[in-house]
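Chain residues, written in single-letter form:
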Amino acid sequence: MSTPETLAEQESLQDINADYTAKYGFHDAEEGYLYKAPKGINAEVVRTISEMKDEPQWMRDFRLKALQYFLDRPQPTWGSPMLAEVDYDDIHYFVRASEKAERSWDDVPDDVKKTFDRLGIPEAERKFLSGVGAQYESEVVYHQINEELEKQGVIFTDMDTALREHEDLVREYFATVIPPNDNKLAALNSAVWSGGSFVYVPPGVHVEMPLQAYFRINTENMGQFERTIILADEGSYVHYVEGCTAPTYSGDSLHSAVVELIAKPGARIRYTTVQNWSQNVYNLVTKRAVAERDATVEWVDCNLGSKLTMKYPAVYLMGERAHGEVLSIAFAGKGQHQDAGAKIVHAAPNTTSNIFAKSISKDGGRSSYRGLLEVAKGAHGSKSKVVCDALLLDAESRSDTYPTIRIGEDDVDVGHEATVSKVGEEQLFYLMSHGIDEEEASKLIVNGFIEPIVKELPMEYAIEMNRLIELQMEGSIG
Amino acid sequence: MTPLVDICLLSELPPGERRVIEHDDLDIAVFNIGGDLFAIEDRCSHDDGPLADGPLDPATCTVECPRHGSRFDLRTGKPLTLPAYVPVETFPVLVEDNTIKLEID
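Residue numbers (the working numbering), protein chains in the order written: chain A, 154 to 631; chain B, 18 to 122.
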């Protein structure tokens, strides 16, 4: 019996996301593109984006003001040393591949449609979704929503269209959860945002099947800056799922989204991300939610890809009995840093929250949990539980935990648990003594580790997640 | 009766201008928005740093925190955007003998 010291020392475990290039890493020719901004960011680029979209003056002013905030702010120095490598001058900030967002796949340009066919998006739409948005480069090329939902008043469209067709609603909520000067990357997104989703669910309406958005970067040195608002009115429910991939290039790309969720009294929003960017993408995202009285917001956040991810989905529990959850998985392989986490603010009495964060590091990859739990003065009777577990597959990999807890009241119940473990001989030996071979045993250990979160994914995504993890583990015992 | 604190002559705070004063342990910012006067605590409730240096928007009667962008309503002290979520204190302003005065408890 071979008893290797750690799993990652075995050759096959080098294969994390091994079929990425074949499955997602391809890219299309850019011949049919309508516009590609020159590299770099300045007022001219920002004006051009706004003019090409024929936006109202207030949005143009908003963008230009945000640009100034971006330029004035220094690059953050916390989080990851990789952040210093981001070259803002080496990015195309706007790339228009298609005329407009089509409502039929047949009308989407052939090359782009083929990409989404390859990624299985139209098929998924037919099978189990209430609506789909597909963003290719800077803009959404396809958008469709179930007719029944549309009749009930549900709006699911891309943000550019929403600004044209529902300007008042957009203006009322835009940047109220994440103002442009919140941080440098939010300022950048505010200046050059393009695409993303706008969802409105009327009072009492339950969207039973998920809405999905799929984000695809095709060009090298591309910046994708989608902007999303989900507004769930009183007593409504919606589950929004996003996925993302990009070709494998030597030049780096930047993805920097801003996502704002507003759950009105009694509403529930679940937002699921399966992030699988190629390893030349910096993924620097600001996601924040407001939960009003009796509302629930859940972030289910799976980070597999990218070079560097910095993402800390937040929930502000603003009304009594509101509930927030962040469930997160991060997988850091060779050359990757997943700096993920969560932020929950209890700003009202009797609010509750859970944070479950799991990370796996291998081949020298680095994962971090960075979290803030705040119970404000006056938030009597609040309860929160934070659990973060890290699994290290070898001695070169690294895991760090940076939890911050601020408590402003006495009668609250707050728990924090953190574990770091290594997959070792003993666990393998135990399983193998039950007749399970070594490869299967190692898969079981990893799957068991992430299972509590994977089970929260819609079935189709849970299968995909298990498949990705299995792939990473495949043939891992030599 | 609530004590009145003299700030400055009305002519010294024309429309669009602001002035920060210190009273006991409090920093207070006084604004002239098109002739209407408002006074709020000069403290962002998000990080306790100063607030009044931020951009002023007379149309919405708000000031924006210069560090993280929360916008505060000068009339109520309430933040209209995150990351701040706790209101800051406001103070009644009056003009007597061409002098701006604040009521501070």
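Think of the hints as simulated: they come from the structure by calculation, not from any bench. One or more of the hints may lead you astray.
Reference listing, derived: stretches of chain A covered by chain B, where coverage requires no fewer than 3 residues with Cβ under 8 Å from a Cβ of chain B [to be verified]:
| # | segment |
| --- | --- |
| 1 | 324 to 330 |
| 2 | 558 to 565 |
Short derived list, chain A residues pointing at chain B, Cβ under 8 Å [to be verified]:
| # | residue |
| --- | --- |
| 3 | Ala196 |
| 4 | Val198 |
| 5 | Arg441 |
| 6 | Ala500 |
All C-beta atoms, glycine included, are put in the ideal place defined by N, C-alpha and C.
A quick look at each hint next to the structure:
{"no.": "1", "hint": "324 to 330", "in the structure": "holds (count 3)"}
{"no.": "2", "hint": "558 to 565", "in the structure": "violated (count 0)"}
{"no.": "3", "hint": "Ala196", "in the structure": "17 Å, violated"}
{"no.": "4", "hint": "Val198", "in the structure": "22 Å, violated"}
{"no.": "5", "hint": "Arg441", "in the structure": "7 Å, holds"}
{"no.": "6", "hint": "Ala500", "in the structure": "5 Å, holds"}
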